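Participant: Each chain is listed here by its residues.
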Amino acid sequence: MCSMTTNWKLTSFRLTVLIVFGLWVLFSGRFDPFHLTAGFICSIIVGLMSGDLMFTASPTRDILLLWMRLAGFLPWLFYQVFRANVHVLYLAFHPRLAQRIDPHIIEFDSRLTSDYARTTFANCITLTPGTITVSVSAVGRFRVHCIDAQSAAALPGDMEARIAKVFGE
Amino acid sequence: MNELITIIWLGGLLFFTGGSIGILRFPDFYARLHPAGKLDTAGQFLALSAVALYVLQDLSLHTFLTAAKLILIVIFVYITGPTATHAIVDAGVRAVIEPWVQPERRT
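Protein chains in written order, with the working numbering: chain A, 1 to 169; chain B, 1 to 107.
What the hints contain is simulated information worked out from the structure, not anything from laboratory work. Hints should not be assumed to be uniformly reliable.
Distance windows between CB atoms, simulated [said to hold, decoys possible]:
1. B:Pro27 - A:Leu10: 27 to 33 Å
2. B:Asp28 - A:Tyr79: 42 to 48 Å
3. B:Leu59 - A:Lys165: 35 to 41 Å
4. A:Leu10 - B:Ser20: 32 to 38 Å
So the derived list for chain A, only partly shown, Cβ under 7 Å to chain B, looks like this [what the hints assert, rightly or not]:
5. Leu15
6. Asn85
7. Leu97
In the SDA-like style, the derived pairs of lysine to any residue whose C-alpha atoms are separated by at most 25 Å in a straight line are [unchecked claim]:
8. B:Lys69 - A:Gly22
9. B:Lys69 - A:Lys9
10. A:Lys9 - A:Phe34
11. B:Lys69 - A:Trp8
If you're wondering where the values come from, they're calculated on a predicted model, not measured in any experiment. Every residue gets a Cβ at the ideal spot worked out from N, C-alpha and C, and that includes glycine.
Given these sequences and hints, build the entire structure.
Facilitator: What follows is the structure, encoded as structure tokens:
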């Protein structure tokens, strides 16, 4: 058991160094020995400091599938973010703003169970303008601050269902 | 091409302007965070997309890398923006700031 966790830590460290170094090469755009060596040393330092951050969860076999489903979810999210942005933009320029808006906090129970799914859901709620996640309790009760009834009506609804599908819940 | 880039850029500026005006016009701490934290996401997406398209006009490895970096900035702001907004809201809740509500909602 002990050797297994050590092995996993080593793999995690190596993967982190590899990914960070790859990004360095990609973004520095310089391929001379000095920059490559400097980048490699920096990657090792980053790996030592945060090698256990990138792959915290127990390794799942269908992580690739998860990322693919997440990629399929993103276009819909961007569309929602944009639509909601236009709504808040309209509110910001509305002449009778104080009468038009109706800020209040709503509470609802989410059926999402895993930490990843809840975090993603909370971040997506905050990302779509008009709604901000205030808190999430351990049993999955969300408190959300909404700027008006129209923003509140969209929750939890379609977004939760789509995130549940992404995380296979 | 330049006309298209200008239109996208102006669209980004419109969202930033709306965000700034929204911060001033919304009634309280929590409501102000809506335009502050989020109109920026659309604003910087449009503005940086315009810059990326402008850079990509003469396509080479160098300009492609520059465009990729700009797109990465957009992605990072999409992750850090909501996180920061949530941290500010959480600070408000811990300080027991009551949200502003419409008069008929007041008890």
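Participant: Hint by hint, where does the structure go against what was stated? Just the numbers, ascending.
Facilitator: 1, 2, 4, 5, 9, 10, 11
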